[in-house]
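Chemist: For reference, the chains in residue letters:
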Amino acid sequence: MSDASMPATPEKRHSVSLMAPDARTQKRKAAEKRFRMYGAAGIATGIFFLVVLLVSIVSSGSGAFQQTFINVPVYLDPAKLDKNGNRDIADIKKVSTFGYTPLIQEALLKEVQDAGVETPLEKRGDMKALISASAAAQVRDVVINNPGLIGETVDFRILASSRVDGYLKGRVQREDVARDKNIDATHLDIVDQLEPLGIVQKTFNMAFITGADASESRAEAAGIGVAMVGSLFMMMVVLVLSLPIGVAASIYLEEFAPKNRITDLIEVNISNLAAVPSIVFGILGLAVFIQFMHFPQSAPLVGGLVLTLMTLPTIIISTRASLKAVPPSIRDAALGVGASKMQAVFHHVLPLAAPGILTGTIIGLAQALGETAPLLLIGMVGFIASNAPDSIASGLLDPNSAMPAQIYEWAKRADPAYYERAWGGIIILLGFLISMNTIAVILRRRFERRW
Amino acid sequence: MPVLWLSLIVIAISVAVFVLGRHRALSAAGGDSRDLHSLPVYYGANALMKAIFPAFGLMIIWLLVQPLLIQNSISDMIPESALAEDANLGLVMSEVRRTADGLDNAIAGGFIDEDAASNASADVADMTSMLKDAGQVVTSQITQPILHAAQAYREMNSTFGLLMTVAVLIVALTGGGWGVMQSSLTFRARNVVEQGILAILIAAASVAILTTIGIIFSLVFNTIEFFQLYPAADFFTLLEWAPSFSGRGGASSLGILPLLWGTIYISIVALLVAVPVGLFAAIYLSEYATPRVRGIAKPLLEILAGIPTIVYGLFALLTIGPLLVSVFGQSGTGWMGGGRSVMTAGIAMGIMLIPFVSSLSDDIINAVPQSLRDGSYGLGATRSETIKQVVLPAALPGIVGAILLAASRAIGETMIVVLGAGAAARLSLNPFEAMTTVTAKIVSQLTGDSDFASPEALVAFALGISLFVLTLGLNVFALYIVRKYREQYE
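Keeping their order, the protein sequence lines are chains A and B.
Here our numbering is used: the first residue of the first sequence is 1, the next is one more, and so on.
Here our numbering is used: the first residue of the second sequence is 1001, the next is one more, and so on.
Hints are supplied without guarantee of correctness; some may be wrong.
Claimed, not checked - 25 angstroms max Cα-Cα, derived SDA-like pairs, lysine to any residue:
#  : chain 1 : residue 1 : chain 2 : residue 2
1  : A       : Lys33     : B       : Arg1034
2  : B       : Lys1298   : A       : Arg36
3  : A       : Lys27     : B       : Gly1110
4  : B       : Lys1298   : A       : Phe65
5  : A       : Lys324    : B       : Glu1194
6  : A       : Lys202    : A       : Ala40
7  : B       : Lys1388   : A       : Ala40
8  : B       : Lys1298   : A       : Ala440
9  : A       : Lys202    : A       : Phe65
10 : A       : Lys123    : A       : Phe98
11 : A       : Lys80     : A       : Phe65
12 : A       : Lys412    : B       : Phe1432
13 : A       : Lys341    : B       : Phe1160
14 : B       : Lys1484   : A       : Lys123
15 : A       : Lys412    : A       : Arg171
Claimed, not checked - Per the computed footprint, the stretches of chain A lying under chain B, defined by three or more beta-carbons under 8 angstroms from a beta-carbon of chain B, are:
#  : region
16 : 120 to 128
17 : 185 to 196
18 : 421 to 433
Stated by the list, open to error - Some but not every residue of chain A turned toward chain B, in silico, with C-beta under 8 angstroms:
#  : residue
19 : Phe35
20 : Ile245
21 : Ala248
22 : Ala249
23 : Leu309
24 : Ala411
25 : Thr438
In case anyone wonders, no lab produced these hints; they're calculated from the structure.
Treat the numbers as computed from the prediction; the structure is a model and nothing was measured.
Yeah, the Cβ is synthetic: ideal placement off N, Cα and C, and Gly gets one too.
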């Protein structure tokens, strides 16, 4: 024992237990707790944003599914609608909506007065601000389909104008109408009194889901139905084209491709294409399909082709993963009983990889459904979703819109009534996406095999 | 004959030779398929392939080449004098096509018969009024040469169409017949068919290369056209973006720098939101979370990734914008003008990128071997010290790669900036001002009212190729960094 190892000065005796943490350990523990909280805060922030987003979507968009209608019995005056009195369809069709509008206004005025509503408005033309511009077309269509109704008084449920709708939904306040040239406070008084009588009521608006787009001034009549059909045709094109090409390319790359430079080039290309911004695909579609090949502009066929090119890398990557997951023993067993390589792949590996391929395809389709930017460049904007297509050929080649492009179009319009419709369109779009993703997850859970 | 009918006939021929080929093989074996080299279906498939591939290949090539040939010969027919002052060949050709279509529809509607329509000495005024009666679109530009050109166009189309039909049918029948003749006992049908299928697979795999070639071709071609109309030096160095609306050759200044600045500024804001949140979320998920929490939180964050960008754009425009205006706008601190600004778009984009950063970082952090963590715990480090001093430095190249990939995604994003960032191109440091980006301008220049051949519309292609090169460069750089600095653990 040497004294050199002993400290020169005697140490103080510690009166604290060794188990109690000293200052440095406490600081380290506090730092640990803080760090852990940062991590939890990160997750909480992400989930918070998600909740805010969903709440904002649902609260802003649910109003679009309800619309204000006016119940009014309209006397179909034969003196105005069928002057010759012979119920000739050609003559009846000659009466345009200009002829029907006064009848509707007259009927509403009469109803207002019969209901005992106190109002300074007395003329028929004052009712114009309450009625949608598309109501006349609605009545005209009914009369053309049933000419026998002329001369009778028929109950109609017509659309109220967009301002009335906004007032009942709280979007339009009384202060706003002071500057509005279409409607003023006396009209709103009438609405206030008609509502408890059930003459003016908000009901579920099926026309939003199934109807066509409407012009800027008639926000109350706009619907997303025709754009949905356009999206449907595009998804059909994407499915029919991208699934075979994607699966064929994956099979080649996974099973048959030799390990050389060309294969490397193809693989690098595919991963690059997966990272290219979607607008560049739009430019490609515009330059090649529309300018060079002269396909019709705004056609769902062109949109489908562009989206196919965008979805291909996704499908190829997920199909390759499914093919890789099939164990080599399956291939070896097939080869062992005498199949050729191609027979082994097509008859044994591919059916076993099918659930994974299906899941990847559904997810790829869901991504394609939400794409907007490339569609804008090939012309699917503007007020073109006006008529539902009547056949498959016209559905593919006639100008149409798609759901995301239609939502973008509504968001660009100046009327705030369109913002509500844009949110409603988003709810429908998200509904589609959620169901597609849920189907994909269910399929994956059901058919997944653990090798 | 219309293309659809021709395709159906070729398919019918192919099915017929399939049946014939199979039958011939079976009868060569005396009804017992075991004597054949391959399964009977392969003999039929061999004949079907030899009928379909050449026939459809020929048809596709013909359909692609025929319009070009006809266009070339028709444009030779139009004399220089017929080109009006401001028109170019493309416009005249569309006029010719429109007239030809009008003649077709007029004949279909019974307003005029085939002979009168093809009459070379028909009077222009008569034809014009007849077309108007038939309800066709008629501009005032129909002149004698255009009418001649339209008639020649129709004639060439019908002649070539007939030739194509005959050629395709002959090829289909010959190919199918040859395939049927080949069916015999020793013919190795399966090998031939499998080679054909392999060719189809290779063609499908080449679609990816064709797409890239198509992108580059369409971008480069139109960009060269743009640089012929507008000096490239100005495009890359001017500090102003102000396209003129007075048609071609007006005083437009089309510089990309303000747009690039807007893009980069918005991406920086987005990354400032996404990287801390995403990284900490990934750290918590991989190091601290119980499997139950992980099973709930990870899918929830993935939902953010599945939401289409138009939703984020609308969210920015209608929710974040007004919120920021109420805090920073006129009634608040007065920094902000309208609802559209770099902050609005940046925040929305950051929310969109959170799952991107978080799931990529999660994968990378999980890939760090447990032995490093165990060594650190063995030395007495707390969990956070291990993460900060051991795990994160080990995962750093991958995390940097993930951030670069997220940046590349942010740069290429369109809908959020179109709706949330406004349309004013300016070089400013104030994040509360509206600033537009490259992608938003591509959309606005190509969907606006500009004449398509003007520099204002073609600049979109130059912007597109710059964007493409930028994102591609970032991706390649990200891959390079990951590969170069990645530690190889055993």
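Chemist: Looking at the structure, which of the earlier hints fail to hold?
Modeler: 1, 3, 4, 6, 11, 13, 14, 16, 17, 25
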